[in-house]
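Participant: So the protein lines, in turn, are chains A and B. Residue numbers are given in the working numbering: position 301 of the first sequence equals residue 301, and the series is strictly consecutive. Residue numbers are given in the working numbering: position 91 of the second sequence equals residue 1091, and the series is strictly consecutive.
It should be emphasised that the hints constitute simulated quantities derived from the structure, not laboratory data. Check before you lean on any hint, since a few could be wrong.
Unchecked claim - Cross-link-like lysine-lysine pairs, in silico, PhoX-like; alpha carbons within 20 Å at most: (1) B:Lys1089 - A:Lys258; (2) A:Lys342 - A:Lys318; (3) A:Lys162 - A:Lys175; (4) B:Lys1018 - B:Lys1089; (5) A:Lys258 - B:Lys1061; (6) A:Lys302 - B:Lys1089.
Unchecked claim - To list a few chain A residues with every Cβ distance to chain B over 12 Å, as calculated: (7) Asp10; (8) Leu92; (9) Leu119; (10) Ser131; (11) Asn164; (12) Leu210.
As the list claims (entries may be wrong) - Computed beta-carbon distance windows for the label pairs: (13) A:Thr306 - B:Asp1100: 17 to 23 Å; (14) A:Asn282 - B:Asp1073: 45 to 51 Å; (15) A:Met233 - B:Glu1015: 15 to 21 Å; (16) A:Ile278 - B:Gly1039: 49 to 55 Å; (17) A:Gly255 - B:Glu1015: 35 to 41 Å; (18) A:Thr262 - B:Asp1100: 30 to 36 Å.
If you're wondering where the values come from, they're calculated on a predicted model, not measured in any experiment. By construction, the Cβ of each residue, glycine as well, lies at the ideal position given by its N, Cα and C atoms.
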Amino acid sequence: MKAKILVVDDEPINVRLITEILTADYEIIEASGGKEAIEKMISEKPDIVLLDIMMPEINGYEVCKKIKQNELTRFTPVVMVTALSESEDKVLAIEAGADDFLTKPINFIELITRVKSLLRGKHFYDQLIESRERIAQQNEALQKARDELEVRVRERTAELTKANEALECSNEFSKTANIKLKKADEIKTQFLSVVSHELRTPLTPIKAQLQMILAGYFGELTEKQKKSLDMIMRNTLRQDRLVGDILDISKLEAGEMKFMMTRSNLNEVIVNAVETMIPLANPKNVILTLKQDIIPEILLDKDRITQVIVNLINNALKFTDSGGTIDVELSGAKDCAIIKVKDTGIGIKKEDQERLFRPFVQVDSSYGRKYEGSGLGLAISKGIITFHGGKIWIESEEGKGSTFQFTIPYIYENKDEKVKVNLFE
Amino acid sequence: MSKIMIVDDNRDIVETLKTIMEMENHQTEEAYNGEEFLGKVESARPDLVLLDVMMPGLKTKEILARLKERKLDLKIILVTVVRFSDQEKRILMTDFNIRDYITKPFDVPELITRVRAVL
Ligand SMILES: Nc1ncnc2c1ncn2[C@@H]1O[C@H](COP(=O)(O)OP(=O)(O)OP(=O)(O)O)[C@@H](O)[C@H]1O
Ligand SMILES: [Mg+2]
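Hey, can you work out the whole structure from these sequences and the hints?
Facilitator: In structure tokens form, the structure reads like this:
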């Protein structure tokens, strides 16, 4: 792109002269007076100005001053063209801010050289400005980047601080959550022990007083009184059993059941359990038999295993009619003991078999049903056997009888020894 | 005839136990909590204590520990809703001189048998 030269002169002939010389290499803009020159400085943005001093209206010095005072134009080189080479002119020109002089009559070679050198200067200057701007821009970008970085660092620090706080908070939270859990566990244990105490306390004088009355300690009883008190007693005992069963199932489900695992003789446990049930089987005319292999002493809770066996025999007795048989069998497999309780009772339909191990489930749950019970025995038994690491299941055919079986794996060592007396207070 | 001290916070249970013990021709004395028991026991000098577990106030372990401190060689039967294992019974017997325990709601004939055995 050609450089632009603004030629300011009130004499058209001068303008034409200069234009002729320069027009081949430069774009020439003309202005015939100071006012026009200043306007064109703004609108045309010339690269150099050739400014005649002697002009009407505003003289060259004034124009030059205006150019040099304006922010937009002050860096554009101004060449003053004087008719005389008077030093006074030059001083005034310098004071007005002119960059160079040319004396009339214009020496063409001088004109071209001056213009060229000034343009070079302007060019350098432009480059300088440009690079300064670039640097400024870069600086700005740098500053911006630095600011952004700072902001990011600040943000990140804040995030980290927050994360740290959150972490501390969550640590604190999990700590309190743990404490709460422990507390909840304690409350649960405490609750169950309080409930068991509170439910059993009123039953204590009821049962004892009834036993004394029924035993005749307080005098003879009429038949009617005795019948009535027997009924009260039956229901008291049932209530007591129910309280025990509900507490057992609650404790099993809460994982709060206290097991007393000791190496025990399972043969002995089973003999004792069966013996306690014989007095109940005889009046029903049901034959209760026991067959057993001798098995090693293994880790178990004697009372709880007894409870399971008694539960199963009780069920068998309940659902087996007069003349039937109940066969209890203990056999030793390779890594577990297998206990079977087989009856010739009413049996259980396939679809009912699985759900009977859930609490409160009974095959006959109709109102006023034939068999007493609350449907907890098998659920408790399952909980106890599961704790021992064994399995419990049914094989049954409706109308023919049922066989309940469970296993107890052979475990000999008690891992968590340390016996502590727990009074649940 | 022996002197039986009955310790329970439930008045009906105390009265019931009293009736049973009197039927057995024993003399009885009552206390309704651990503090009262510890306050009376030295002058009462009972031959047997029927001690309830889980009374308000002093905990059973605390009561047993204080008795041990005072070197009062008392025969004690715990009356409790808790079942004890053989090992627990052993600890209770050797460390705290607990002779036996009976669970609530107890059987009158069973209680009588156990009391006779300890006396
Ligand atoms: N040997 C059996 N023969 C036939 N049905 C049985 C037998 N054993 C259990 N059942 C069925 O399984 C149900 C649940 O038995 P479970 O022992 O859990 O409760 P329950 O005997 O009814 O009551 P609880 O044992 O609480 O007194 C019984 O109600 C009965 O319907
Ligand atoms: Mg049952």
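Participant: Determine for every hint whether it applies to the structure shown.
Facilitator: How the hints compare with the structure:
no.: 1; hint: B:Lys1089 - A:Lys258; verdict: holds (15 Å)
no.: 2; hint: A:Lys342 - A:Lys318; verdict: holds (13 Å)
no.: 3; hint: A:Lys162 - A:Lys175; verdict: holds (19 Å)
no.: 4; hint: B:Lys1018 - B:Lys1089; verdict: violated (26 Å)
no.: 5; hint: A:Lys258 - B:Lys1061; verdict: holds (19 Å)
no.: 6; hint: A:Lys302 - B:Lys1089; verdict: holds (15 Å)
no.: 7; hint: Asp10; verdict: holds (121 Å)
no.: 8; hint: Leu92; verdict: holds (115 Å)
no.: 9; hint: Leu119; verdict: holds (108 Å)
no.: 10; hint: Ser131; verdict: holds (91 Å)
no.: 11; hint: Asn164; verdict: holds (44 Å)
no.: 12; hint: Leu210; verdict: violated (9 Å)
no.: 13; hint: A:Thr306 - B:Asp1100: 17 to 23 Å; verdict: holds (20 Å)
no.: 14; hint: A:Asn282 - B:Asp1073: 45 to 51 Å; verdict: holds (47 Å)
no.: 15; hint: A:Met233 - B:Glu1015: 15 to 21 Å; verdict: holds (19 Å)
no.: 16; hint: A:Ile278 - B:Gly1039: 49 to 55 Å; verdict: holds (50 Å)
no.: 17; hint: A:Gly255 - B:Glu1015: 35 to 41 Å; verdict: holds (38 Å)
no.: 18; hint: A:Thr262 - B:Asp1100: 30 to 36 Å; verdict: violated (20 Å)
Taken one by one, the earlier hints fail for this structure at numbers 4, 12, 18, listed in ascending order.
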